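K.L.:
Read off the chains here:
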Amino acid sequence: MADLKLVNVCKSYGQVDVIHGVDLEVKHGEFVVFVGPSGCGKSTLLRMIAGLEEITDGDVVIDGDYVNDVDATDRGLAMVFQSYALYPHMTVRKNLSFGLEIARVARQEIDRRVAEAARILKIEDYLDRHPAKLSGGQRQRVAIGRAIVREPKIFLFDEPLSNLDAELRVATRVEIAKLHERLGATMIYVTHDQVEAMTMADKIVVLRNGVVEQIGAPLDLYNHPANLFVAGFIGSPRMNLLEGRVIGSRTGEIEIEIADNVRITAPIGPLPDVGKVTLGIRPEHFARVGAEEAQLALTIDFVEALGGETLVYGSLPGGSQPIIVKLDGQHLIENGASLSLTVQPGQMHVFDATGRALPKMRATAAAA
Amino acid sequence: MATTTIPRSRRDAIAKRWQRGRSGYMFLIPWLIGFFALTLGPALASLYLAFTKYDVLTPPVFTGLDNFGYMFFQDYRFRQALQVTFTYVLWSVPLKLGLALLIAIALDKGTRGVDLYRAIFYLPSLIGGSVAIAVLWRQLFDRDGLTDQLLQLLGWPPGTSLLNNPDHALKTLIVLSVWQFGAPMVIFLAGLRQIPQHLHEAARMDGAKTMQRFSRITLPLLAPVIFFNLIMQTIDAFKAFTQAFVVSAGTGGPIDSTLFYTLYLYQEGFAFFRMGYASALAWFLLIIIAAFTALTFLSAKYWVHYDDGR
Amino acid sequence: MTNISRRSFNRYLLASAAGAAAFGGLTGSAFADSRLRFMWWGNPTRDERTNAVVDLFESANSGIVVDTEALASNDYWPKIATQAAGGNMPDVMQMDYRFLFEYARRGQIVPLDGYVGNQIDLTNFDPGFVDSGRVDGQLFGIPFGANSPSVIYNMTKLAEYGVTLPDPSWTWDQFWDFAREIQAAAPEGQWAVADKGSWEPAFDIFLRQQGKMLYTEEGELGYTAADAAEFFDMWRVARENGLVPPADITAQDSDGLDTRPISRRRVAIDFAHSNHLGGLQGQNPDELGITLFPHREGGIPGQYMKCATLLCITANSQAKEDAAQLVDFLLTDPEANNILRMERGVPGDNAVAQALLEDPDDIERKTIEYFEIVQGNVSPMPPPPPSGAGEVEVMLVRLYGELIFDRLTPEQAGERLVNDAQTILARA
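Line by line, the protein sequences are chains A, B and C. 1 is the number of the first residue of the first sequence in this note's numbering; add one for each residue after it. 1 is the number of the first residue of the second sequence in this note's numbering; add one for each residue after it. 1 is the number of the first residue of the third sequence in this note's numbering; add one for each residue after it.
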């Protein structure tokens with residue numbers, strides 16, 4: 001168990017740069033999730049930490065030691081692969097003990113750790129089977145078990161749940177989270193699923209095209225996305241991003257026109273230049289109100305009633321931008337009808353023309 | 001009524017089955033003809049001949065177990081042929097497979113130009129068994145040949161002719177056979193490609209060094225391919241004939257040092273016209289090969305693991 | 001001639017009718033009156049000449065087509081034996097004296113007495129020479145040229161070394177003295193004499209010079225282990241004195257003329273059948289000469305005229321008369337023999353041989369001169385070798401290998417030779 005530091009870590013394949021200078025600090029015992037769409041470089045970054053990929057530039061530091069030139073065999077980390085990568089010719093027991101045998105750990109100690117891991121993961125019953133005889137979920141547990149017995153400095157998970165069905169995925173997610181709590185180990189976890197990231201991470205690293213878009217605690221990212229990409233990536237259904245124009249700017253607030261005659265006032269400081277912005281509102285941050293209080297009147301295109309909540313798809317009159325609204329509970333709404341909505345000022349995000357988030361007036365948000 | 005319907009229905013069923021399979025059987029006929037006329041027939045004939053004295057010119061005379069008696073208790077050339085053949089098999093097969101595996105691993109690692117190298121390395125297998133190459137080797141290993149000159153550079157006495165020296169002729173043929181590692185190499189290469197990269201990475205994460213990964217991951221996972229190559233190459237080696245025939249001008253010389261079993265069999269049958277004895281030799285070779293193959297198969301359960309968990 | 005043509009014509013009708021019935025008249029060969037197959041073993045010169053003669057025969061006998069096949073002798077006998085088993089031997093085959101009796105007694109070849117005086121004209125043959133083709137009183141093969149084992153030497157090299165070949169009446173002692181002379185003058189990598197202790201004709205002559213022989217009339221061994229040991233020991237001494245090449249060079253010596261030590265220009269003196277003089281000369285830029293085997297001090301002549309090759313007609317031939325016609329043509333036609341010359345030895349037909357003498361080339365002149373000397377030094381032909389003799393000859397080569405590679409002493413080799421030969425004869 002250890003801490004990890006990445007300093008300006010870069011990776012290029014020939015002329016192609018896939019990781020552009022990542023800086024990151026992972027504290028001892030932290031659960032860090034790398035999230036991003038496929039091809040963002042998250043797996044590459046993880047494999048660089050593991051030592052499976054060479055580092056083109058920058059430093060990887062584990063527990064204060066520079067490990068750039070240390071082979072994967074000697075870094076003392078453990079990795080759970082997406083494909084599980086269980087040794088097909090070995091029994092589950094052998095799969096678990098392999099790394100310990102290589103490390104010449106005493107037989108008794110090996111047996112103890114294997115038994116312990118098997119108990120934690122509830123795989124005692126099939127220790128003597130070969131992986132081919134196991135179900136997907138069982139294999140997943142063995143793969144994790146193989147990491148546990150090693151008692152590694154850092155656990156690395158490379159999309160470990162993507163081969164499981166939805167139900168098992170949720171269950172295993174919870175188990176990994178529990179495991180982290182129980183072991184208190186440093187874990188780095190790669191996924192493309194923002195739900196996994198949100199539910200498991202102490203700290204999320206959002207990656208896109210080899211660049212870190214934002215690092216932060218899950219709720220921090222949710223509440224304060226640093227840019228349009230993070231805003232769109234974190235949260236489900238995704239945040240409504242409405243293109244608009246600033247038409248008025250006062251101290252502490254600006255007025256944005258997002259459709260003909262639809263104006264919204266957002267608690268953002270005065271802008272030097274009046275121009276194009278993007279207004280971001282999460283679907284769950286709309287509230288249904290009476291017509292007189294309405295900031296917005298949505299023309300309803302389509303309604304999904306999920307029981308506990310209702311998703312409303314619509315658009316502003318005269319506007320072409322689709323808007324999703326998530327309402328708690330059940331609502332009787334007809335297609336084509338108009339829905340009166342309001343948004344709390346503190347729940348609005350405004351992004352400038354380059355996509356960067358504009359600082360909110362925290363005081364106003366808090367007051368609201 | 002009932003008594004007539006049962007056979008008829010059975011007859012119908014047979015007719016139906018025949019009709020269903022008819023085109024299949026039709027396609028099979030050329031092979032069946034070849035099998036019965038060219039393989040099974042002669043094989044059975046030679047089984048009979050193995051118990052006869054048959055000089056080709058006059059009809060065979062049944063002699064019971066005489067051929068086998070002579071073979072096992074009197075024939076010192078038979079013993080020599082066995083010794084030569086076993087020596088050849090036990091050296092050439094492991095060496096050839098070892099080299100094939102080594103080259104396959106080297107090719108598996110490289111990425112650029114692999115296809116070209118693979119073709120180049122395979123080339124000896126295509127031409128290596130040919131008469132022309134055997135003749136070429138004969139020249140190479142002759143006194144004053146290229147190897148003689150090379151060996152002189154290494155400090156051997158001048159005038160060393162490896163192929164004409166009974167102490168070195170068989171070794172030279174073993175080297176010649178090892179050189180034809182192409183076929184098992186290509187199969188090994190395919191086998192190596194089948195091993196998922198993730199397993200190597202998992203083993204690296206488990207701390208296994210290169211040699212440990214080779215012995216603990218690559219080799220066991222390659223076992224089915226090794227097993228296949230081992231069987232095929234062993235059978236091939238037992239049947240080796242051409243090189244020895246050409247290199248020794250059919251004599252198995254010098255002084256029987258390259259008297260491969262098949263060469264001896266050929267001599268007995270076609271040079272000395274003891275077709276009965278040659279048949280007995282052939283059947284004994286079949287038994288040897290079958291025994292070796294069976295042993296290999298029996299050993300397989302201790303070292304060959306298949307992916308499906310058997 | 002008209003006789004044959006009419007008969008052939010009738011057969012043509014029959015054959016084409018049968019052919020038409022069987023194959024719908026498709027086969028072009030059905031238009032030949034008769035189709036013969038003729039096989040021999042040989043060398044490129046022999047093959048070329050024999051094929052030319054066959055062409056000549058075909059143009060002289062329209063209606064007879066001859067398919068020829070020439071093989072190396074290693075391949076020839078397995079193929080003939082296989083064909084014998086399958087009943088499809090060639091109509092006419094070249095025969096080796098050592099196999100004549102086996103094939104005759106097994107009924108694979110037919111007596112030719114009935115054709116002599118009809119298709120085959122032997123009036124110009126020496127009756128004694130013809131008799132060497134008789135088996136149990138019947139004529140199964142007609143000698144196709146005579147030869148005798150001989151010493152072949154490199155005249156150019158001897159001149160270079162400044163040594164003079166002794167008189168053909170030389171003894172073995174004189175022979176080895178001469179070898180010492182040569183060796184003293186020879187450069188490194190060159191030796192005086194080829195190591196021919198494995199060559200059965202040499203052993204045969206060595207035995208006959210003492211009144212012994214390879215095989216007795218009864219088909220038993222005509223020598224003892226001590227006799228063989230004496231022969232082997234003679235070569236051992238030569239080897240130890242460096243007069244013959246070392247074992248690995250000798251081991252390369254095989255059937256082909258190009259592998260002989262004299263052809264590979266390793267030695268000044270080699271041993272070969274006299275009819276190979278031309279072939280060996282073809283392998284060598286130096287001039288070769290031919291002379292007699294050395295004699296045994298106080299011994300008797302050991303050399304004899306061999307009819308090394310004979311012509312035979314096989315039992316399964318469907319056109320034996322036409323085949324006899326071909327045999328006659330090969331043996332007695334002056335034009336044909338002007339093509340064949342003496343490549344298979346001196347022709348048995350004296351008129352033909354005489355014709356060749358009028359216009360001999362260099363090789364033929366030497367051969368004839370050699371034969372004139374041999375004639376005065378020959379002993380009668382030995383009795384026919386028993387079945388298995390061919391294998392004993394192969395075994396001798398192998399055994400001699402063990403000897404020169406020091407696996408056996410001459411005494412042990414002598415013992416082994418006798419034991420193994422007896423085993424082989426018993427199994428034959």
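Since the hints were made in silico from the structure, they are not lab data. Some hints here could point you the wrong way.
[What the hints assert, rightly or not] If we take Cβ atoms under 10 Å as the criterion, some of the chain B residues that face chain A in the derived model are:
(1) 23
(2) 201
(3) 203
(4) 209
Note that this is a predicted model, so its numbers are computed, not measured. For each residue, glycine too, the CB sits at the ideal point set by N, CA and C.
K.L.:
For the hint on residue 201 of chain B, does the least C-beta distance to chain A fall short of 10 Å?
P.N.:
Hint on residue 201 of chain B: holds, closest Cβ of chain A at ~5 Å, below 10 Å.
K.L.:
Identify whether the interface hint at residue 23 of chain B stands, where standing means a beta carbon of chain A within less than 10 Å of its own.
P.N.:
violated (38 Å)
K.L.:
Grab the minimum C-beta distance from residue 209 of chain B to chain A and call the hint holds if it beats 10 Å, violated otherwise.
P.N.:
holds (6 Å)
K.L.:
Tell me if the interface restraint on residue 203 of chain B is satisfied: Cβ within less than 10 Å of some Cβ in chain A.
P.N.:
It holds, given that the least Cβ distance between residue 203 of chain B and chain A is near 8 Å, below 10 Å.
Checked against the numbered hints above, the structure breaks only hint 1 and satisfies the rest.
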